[in-house]
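K.L.:
Sequence:
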Amino acid sequence: MENYWDKAISFEEYVHIAKQRLENPSNQQEAEYKQYYELGLQRMDRTLKKYIPDEDQLKELTSKNFEGKILIISEAWCGDASATVPALVKFFEGKNQVKIFLRDDDKSLIAQFLTNGTESIPKVIILNDDFSIKNSWGPRPKYGKELLMKYKNDPEAYSKDSFYNDLQIYYAKNRGKDAIQEIIELL
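First residue of the sequence shown: 1474, per our numbering; consecutive thereafter.
These are computed hints drawn from the structure, not numbers from a lab.
Ideal placement from N, C-alpha and C gives every residue a C-beta, glycine not left out.
Among the hints, erroneous ones may be present.
[Claimed, not checked] Label-pair ranges, simulated between beta-carbon atoms: (1) K1568 x D1518: 35 to 43 Å; (2) K1523 x N1608: 37 to 45 Å; (3) I1642 x Q1508: 36 to 44 Å; (4) D1634 x P1498: 33 to 41 Å; (5) K1523 x S1605: 28 to 36 Å; (6) I1525 x S1581: 16 to 24 Å; (7) E1511 x E1485: 16 to 24 Å; (8) D1602 x M1622: 31 to 39 Å; (9) A1584 x N1497: 40 to 48 Å; (10) T1591 x E1505: 18 to 26 Å; (11) D1602 x S1581: 17 to 25 Å.
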C-alpha cells in the first residue's frame, strides 16, 4: 500500500488533471468522457463551495484518535466520485492526509477492492500509520446503494434515468454527510 500511496496525488492535482483531460484529451476514452469530466468538475466545484463539515462528525473523528491516512481510488468523470471525494477531502483536511489514486492509470489497486466483481469508484481505503489496511468503503453510501438496487430489481418501473436523477438529487442535498458518517464508523 505504501507504493500506491507514493504514486497517489493531491486533490488539487486531481482537479488539475481533470481540467487537462477535459481541455486536451490524450486518448479516445478521455475524448468520449468529455461531458462527464465537465459535469464532474462542476459538481466538485459546487461541493467545495457549499460543503461545511458537520461539528458532530468532527467531534466523532477526534474521539476515534485515528492517525492513519485516507487513500481514495477515483476518477473525476465519475458521478459518485464527484459528489463524494471533495467532501471527504475537506472533512479530513488538517486531520488526516488524503491522497487520490487514479483508477484508470493503474488498475492493479482497484483489482484488490472490487465491488461485486466491478471496478466501481470511489473506493476509500483507510490505512493505518504503517500502511496496513484498516478498512475500505465505497463506492456509494447506503442510500445510494438502495437506489441502485431499486433500479436493478425493476428497471422497467424505475428507469436508469430516474435512478441517476434521484441519486444526484440525493448527493446535492446530502453533500457527503452520509458517506463521511459511514467512513467514520469504519475508523
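K.L.:
Look at each hint and say if it fits the structure.
P.N.:
Consistency of the hints with the structure:
no. : hint                      : verdict
1   : K1568 x D1518: 35 to 43 Å : 23 Å, violated
2   : K1523 x N1608: 37 to 45 Å : 28 Å, violated
3   : I1642 x Q1508: 36 to 44 Å : 19 Å, violated
4   : D1634 x P1498: 33 to 41 Å : 26 Å, violated
5   : K1523 x S1605: 28 to 36 Å : 35 Å, holds
6   : I1525 x S1581: 16 to 24 Å : 36 Å, violated
7   : E1511 x E1485: 16 to 24 Å : 19 Å, holds
8   : D1602 x M1622: 31 to 39 Å : 36 Å, holds
9   : A1584 x N1497: 40 to 48 Å : 29 Å, violated
10  : T1591 x E1505: 18 to 26 Å : 19 Å, holds
11  : D1602 x S1581: 17 to 25 Å : 23 Å, holds
The earlier numbered hints that this structure contradicts are 1, 2, 3, 4, 6, 9.
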